[in-house]
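Residues 1 to 109, numbered by the working numbering, are exactly what the sequence shown covers, in order.
Some clues are possibly wrong.
Claimed, not checked - Calculated pairs, BS3-like style, for lysine-lysine (alpha carbon to alpha carbon, straight line, at most 30 Å):
1. K41 - K61
2. K44 - K61
3. K50 - K88
4. K41 - K88
5. K42 - K98
6. K42 - K88
7. K84 - K41
8. K49 - K18
Bear in mind the hints are in silico, worked out from the structure with no lab data behind them.
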Amino acid sequence: MNCCDNSGARNIYVISVKGIGARLNRLPAAGVGDMVMATVKKGKPELRKKVMPAVVVRQSKPWRRADGIYLYFEDNAGVIVNAKGEMKGSAITGPIGKEATDLWPVSNN
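Construct the complete structure from the given sequences, taking the supplied hints into account.
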């Protein structure tokens, strides 16, 4: 999955999804706005080889919003956050889903 912030990571690998329980033979799935645990595969050396939380902001699989429209993006992307949900970087490149901004608002500090 692409990393679309300016934290120094380029590519992240999802390990697990927060809040998803276990079921035999089921892989944990995440959508836009979900927090995942991920590692950095390409990027700054100080970010690599660590497990850190990230939030999914784009997905290429179509999903249905409550108002009935179907929406999808051209790639899968996420941003690296801390445990409280605050972004590690200061900017996001490209479009992001409304579901992510509603769940994880960015404070204007």
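Results for each hint:
no.	hint	in the structure
1	K41 - K61	holds (22 Å)
2	K44 - K61	holds (29 Å)
3	K50 - K88	holds (14 Å)
4	K41 - K88	holds (17 Å)
5	K42 - K98	holds (27 Å)
6	K42 - K88	holds (16 Å)
7	K84 - K41	holds (23 Å)
8	K49 - K18	holds (19 Å)
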